[in-house]
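Fit chain to chain and form the complex, with the hints in mind.
If you read the protein sequences in the order shown, they are chains A and B.
In this text, residue positions in the first sequence follow my numbering: the first is 1, and each later residue adds one.
In this text, residue positions in the second sequence follow my numbering: the first is 1001, and each later residue adds one.
If you are wondering where the hints come from, they were derived from the structure by calculation, not from laboratory data.
Check before you lean on any hint, since a few could be wrong.
Unchecked claim - No more than 25 Å apart at the CA atoms, straight line, and that leaves these computed lysine-lysine pairs for DSS-like: (1) A/Lys28 - A/Lys266; (2) B/Lys1151 - A/Lys164; (3) A/Lys161 - B/Lys1151; (4) B/Lys1151 - A/Lys223; (5) A/Lys204 - B/Lys1151; (6) A/Lys28 - A/Lys53.
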Amino acid sequence: MRRFLVAALAASLINPIPLFAQSAKPDKIVVAAYGGIWAESIKKNFVPCFEKKTGVKVDVITGESADWLTRIRANPNRPPIDILALAEADSLRATREGLLDQATIEKVPNLADIPDKFHKPWGDHAIAQNVGALGVMYNKEAIPNPPKSWREFLDAVADGKFGKRVSLPAGTYTWGPEFIWLASQQYDGDIDAAFAKLKAASEKSVVKFWTTPVEALNLFGTKEVDAVVYWDGRSNNFIDKGNNWAGFYIPDPGTIVGQAMLSKAKNAPDIAWDYINCALEPENQLKHAETILYAVPNQKVVYPPSIKDKVVSADRILIPPYDKVFDSFGSWIERWNKEIR
Amino acid sequence: MAILSSPAEPAHPVASRGGIRRLPLGLLPALIFLAVFFAAPLLINLLESLRGPGETHSLAQFARIFGDAYYLTVIGQTLLFGLVVTLACALLGYPLGYAVARTEGTFKVVLIFLVVTPLLVNVVVRSFGWLVILGGNGAINAGMRALGLPKLNLIYNWTGVGIAMVHVLLPFMALSVAGTLETLDRRIEEAARVLGAPPHRLFWHVTLPMSAQGLITGSILCFTLSIGSFVTALLLGKNSTMVLPLLIYQQLTVASDWPFAAAMGVTLLILVSAILWLQGRLVGEPRGRP
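Okay, chain B solo, but in the shape it has when bound (with noise of 0.2 Å):
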């Protein structure tokens, strides 16, 4: 249990000899900003969630989502869509992150611009940008048709869907990657080197497993943000690559049961919630560099 220490106490985290870690007073205001606006919002959205007809309150929602075999597949896509792009960044990521880490100068500064310009476009500008490149008359079906090739379906399904969102969130997987990779001791590789390691084992034994911190968080940024978003499947998919985030837009725009939206929102973060801790647990405490 946390608490808040009195003026009088240090103002900075000491152990009691009751074990109870006292908190410094300067949290407090991030502490009353998480109450009022994480908090609070989220009780506000599992009181919806369980509100039944007139005043009462039961689990209904709930069942809906977990009772229907449709809801409960928009889930199960959801979380492998998930998986995929994040997959899909830590394979491209990593091999940027490590140009990022190990290039200097002008050169680095170039490379981080062009690792981030995704990030600083509209989401919508961005994803109609790729309508442009990934549909039947875009420049790659143009590209396509001229070399005498058939046409690609790009678009309106999980290729386009998946190929959008990890443009966008390369640069989380990238960066988290080149912040781990620059803080590690080259001469460890040095030695490995020296020793006779071949470039492949001296990544996979060495700079792998040394790095995996930056994975990890990179890993868990992508994740939770791919399985967030809505913006790119509604322009980019169609209703089978449907996800959950979607679904609460939809219920909360068109349909206008915010009941349901928010006990499918409640269900998302849980899952999102389960789904780190199971990480964390598998992935266990990180081993300290030497």
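Excised from the complex, chain A in its bound form (with noise of 0.2 Å):
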């Protein structure tokens, strides 16, 4: 691989083939998985499904998807992690590269339990683990009636509605070309209309267009901002703390998500399979929605009232059409930063 010569090389020297047969059982596999909760709830969730299972210990890394894709890049022969959540983007990226292996029901038969739009735009090389909803969280106090559709709520923005106190995700985030697309839905895919509406946003309205989670949080709980467009889990999370002042919604008619796609690396054992059958059980996957607070795959879990309407529903979800725009996220991304100040 001409990307990473002297390290596959080096790997190729030292490993010309896969150290373990991929049928071979290994001592342990490795799970990547974003931290704090997220990371939690897999070690309580999925992990003791997989080692009761087969007997192999799991050693569970966190990190962030771009992270873990050049990883993988770097040692195909000997992956240094057997099962990966990346993002959309990174899994179409991985997939392309052959540097994923595809599930089959005979493999992952949960699989059979998950929807289409959740695995097959990846050609099953990837499969949604959760499913994290973009939507707004407002102060309720400030903004005591907030628009109801994304398209008025970006009207709203455009037109500095709501003062110098919004956030909005970059497009320069993980899911920020995402966000452009959804903002081109909203005026019927026109992508010029979209960085239009962005641009007068910037101007009017925005204080920071939030590049991490952690940013975005910290601007709406100093109380910088009004509104940010956020993900439900983390929102939710942050008003159970007590911030009954926060409210959040998804605007109609529906919003994109942030998955963390599972994956089983290629040439990673063939055991990693059975984990990824654990992450889709029912019934781990409604432990794994109760702990982080998204929405699971799976259309046989039943939420209970507690969550119930914490978690976005699956017809509320737009998937982008990646085979059409992931081509131009490049250019988006180019964009954004030669117009948006």
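Have a look at this one:
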């Protein structure tokens, strides 16, 4: 592989074939997870199922999507991570580069209960583990009647209706291109109209386009802004901690989601499929949803009343047509940098 | 050209009859380390920057950078930002370094600890700390409000990024200056004083020239570190405060355009090297201390 010429060469010299035959039973597998409550949930809700079933230990490592992708790119013959949780775009990149194995019902029986939109766009090389929906968290005192739809919200922000007290995701955030796509859908898919609105919003309303979720929460929590476009699970967590002055909703007609996409790295041991199957078990999926307050894709899961209104329903989820828009992401990011100040 | 000496040859630098400097064998591990962890990654980065469609090589990524006014602007503001931060560090760091060099005992230890404190805190934590202090509802603006004064816009602009950057780079300047001042022969300043030089002339004509080497070392450190930093610009700036390292980070993590990121990395390296070379030429060889 050219991209990591020396690393790959060195790896192949040391280990010209995968160290473990794919079918051999390893001592442990390495699973990637986002930090904090995400990793805790995986250790609590998925790992025991896999360890009990296989007798193989799980090493959960925390990090970020781009970092994990880099690691398996550098050593595809012996991937340092067996199970990945890449973002949607990185899953597509990894799929195109042949770094992921394709799941089937035989390998992952619980795949049968996952709707197509959560795995087919990735050619079954990645399956959604959980689904975070993008909505609006707002200060109920400052904005008692928030706009009902995304279009009304974007128009209001572009017109400066809320003053310079708004924060939106940056186009350069991991899910930034998807947010630009969502904005364009409110204007008949016109990407120019979306950029025009976001540019006007930048001038009249936006204090800062956030680039990390922590940054967004900091802006809202310190009341630097009255409205922030943010993830549902994180918002509900914040509200549940006694911040009753804050509200959260998903504008009509629906929203994009941030998905942690489960994948088995190519050349990872086959037993790793059992981990994915455990993660997609209805019972484990529900426990995961209750822990992180994000929706899960398994359609057999029945949410209890305590979280039913906090997780996005499947019919409100909009998945961008990645096969059509993915190759535009680079140019959208470049345009974002040039036009949005 | 540098060559390695054989085991039978002296293990200290000597000039051969041909003028070729021989390096001691003891440097071999360091050279291997540099080759593997410095030269090889640079080479990989260079090859990546030249990667064209398919198996071809081209300068297309560099043409993209130098043919686009936006990227040229970012390069310009990156360099200007580095220069301004370095200047601010020099203005604030010199008196601080002077104080460190000219104090003794417990106070000196306390002063050094205070100077290096910014380096003990993680960059993300430090940046969020600045958000709390400089934000619209932060400590400074709370004070402004209490005094009935208008709100100051101190973050998400060059001011905030600059303040945070100077804060963390100040130790490099202060300690470089202090290190030089501590080795100066105080009798020279004493002689100037005895000969009637007033304090300001003593500083301009004796102390400052003799401590210039520390100022130069600190400036090099501050400049190179400031134009290579992106976390502070990411958290305390916005799109209008774009710097080249942040663009590189974006291309790697979001756009996943590695050849373009590599080309920007090579460009940054060449620019820094050129500026340091130019600085070396302008400053010239340091004058030996008496």
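Cross-check of the supplied hints:
no. : hint                 : verdict
1   : A/Lys28 - A/Lys266   : 16 Å, holds
2   : B/Lys1151 - A/Lys164 : 13 Å, holds
3   : A/Lys161 - B/Lys1151 : 21 Å, holds
4   : B/Lys1151 - A/Lys223 : 15 Å, holds
5   : A/Lys204 - B/Lys1151 : 18 Å, holds
6   : A/Lys28 - A/Lys53    : 13 Å, holds
The structure shown violates none of the earlier numbered hints.
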